[in-house]
Structure formats: C-alpha cells, structure tokens
Amino acid sequence: MKPNNLHRHLRILVTATLLALTAGEIQALQSDREQPIKVQAKKLEANRSTNMSVYSGNVVITQGSLEIRADRVEVHGNASGEISRVVATGKPAHFQQQMQQSQSPVKARARRIEYTVASDELHLSGDAHVDRDGNTLTAEKIDYDLNSEQMQAQGQSGEGRVEMIWKPEKKDDSQQANGTQQNQ
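According to mature numbering (1 follows the signal peptide of the UniProt record, and there is no 0), the sequence shown holds residues -28 to -1, 1 to 156 in order.
Be aware that a few hints might be false.
Have a look at the derived ranges for each label pair, beta carbon to beta carbon [claimed, not checked]:
id: 1; residue 1: 9; residue 2: 90; range: 42 to 52 Å
id: 2; residue 1: 18; residue 2: 133; range: 38 to 48 Å
id: 3; residue 1: 139; residue 2: 53; range: 17 to 27 Å
id: 4; residue 1: 20; residue 2: 106; range: 43 to 53 Å
id: 5; residue 1: 52; residue 2: 138; range: 11 to 21 Å
id: 6; residue 1: 63; residue 2: 138; range: 22 to 32 Å
id: 7; residue 1: 92; residue 2: 139; range: 25 to 35 Å
id: 8; residue 1: 32; residue 2: 76; range: 12 to 22 Å
id: 9; residue 1: 55; residue 2: 129; range: 26 to 36 Å
id: 10; residue 1: 3; residue 2: 106; range: 23 to 33 Å
Straight-line distance between alpha carbons at most 30 Å, and here's what the computed DSSO-like set of lysine-lysine pairs gives [to be verified]:
id: 11; residue 1: 15; residue 2: 113
id: 12; residue 1: 139; residue 2: 63
id: 13; residue 1: 63; residue 2: 143
id: 14; residue 1: 10; residue 2: 113
id: 15; residue 1: 63; residue 2: 113
id: 16; residue 1: 63; residue 2: 142
id: 17; residue 1: 14; residue 2: 79
id: 18; residue 1: 143; residue 2: 79
id: 19; residue 1: 143; residue 2: 14
id: 20; residue 1: 113; residue 2: 79
id: 21; residue 1: 63; residue 2: 14
id: 22; residue 1: 139; residue 2: 79
id: 23; residue 1: 79; residue 2: 10
id: 24; residue 1: 63; residue 2: 79
id: 25; residue 1: 79; residue 2: 142
id: 26; residue 1: 63; residue 2: 15
id: 27; residue 1: 143; residue 2: 113
Everything labelled a hint here was simulated from the structure, so no lab data went into it. We put the beta carbon where it would ideally sit given N, CA and C, even for glycine.
Can you build the whole structure from these sequences, using the hints too?
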C-alpha cells in the first residue's frame, strides 16, 4: 500500500473507531439540563462588562451527572448573558458525564478542555484521554463535534501517536453455551 493510501486508510479506520467509541454519547441525561449548576472554587473574578468569569483554585462544577474538575475555569458569555464558551485547564482538567442511565459515565481529561456552546464542539488538548466503559482513546489533541458526531485525534508533532484500546464485549452465558455447542 502506498504511504498516502496507508495514511488515508488509517485515518478512516481511526475515525470509524472513534465514532464507535462515542456512539450514544450525544444525548446526555435529559434531567442534567434541568438541574441547577453548582460551582465551587477558591477564587472568583467576574467582569460583567466583558461577560467573563474566571474561577480558580480546585474548581468543581456540577450539573446533574455532569462534573468538571480543574485548576482554572473561564466562563465566557455573549451580549445576552448566555454562556458561549467554557475553558477548563489543569494538570489535568477532568470532565465526566453520564450519557445514558444504563451505562457508566464518559470520562475525559486533558490539560485544556474547551467547550463551544453555539457549535456544540469539545476540544481536548495536552495529553488528551477519553474513556467509556474501559474503551479508551489517548492523543495529544482530540476534537469532537457533537452535532455531526465526528471526532478527530492527533498525536504530537513528529513521532507522536494516537492510541485506541477497544475491549471486546463480554458474551452472556447463553451466547457462550451456544458457541461451545457449535464448536463440538
């Protein structure tokens, strides 16, 4: 396979795997959006004229099952006073949210996590890591468009690589018994 074709094939394979990893993540628990937002931090600096608030020092933000932990969080607002962008930084910053009642929460961490509300985009940079039920993606940078359900990941420049670990699904007892009988 030519280098360009190999690179294209690997990019398609990684994209398909990422989509499988995040399938179902788009709709978080509906009740989360109806819950109050609680912010705890050691310090708050708010500037109404610029519509920006900066929380620093062991910041914890919760809303329903959503939890963000970071050293520093910037909340940017628009002219209407609505939140337009949230930037969390830390060593690392953490994001966690229950997407479906029957599944474990999606967990992400990176040195910088940025969420743009209008475009519904999540950008993780600096040792980015996403974990869902033990299926993991690690890269220097992960961009996730929640509307189109597309993700892109890239390693550091040079020899940096993307790592995907995908756990096989466990078979229940009836599937294992049928497989054993068919093999005899």
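_Hints violated by the structure (numbers, ascending)_ = 1, 3, 5, 13, 16, 19, 27
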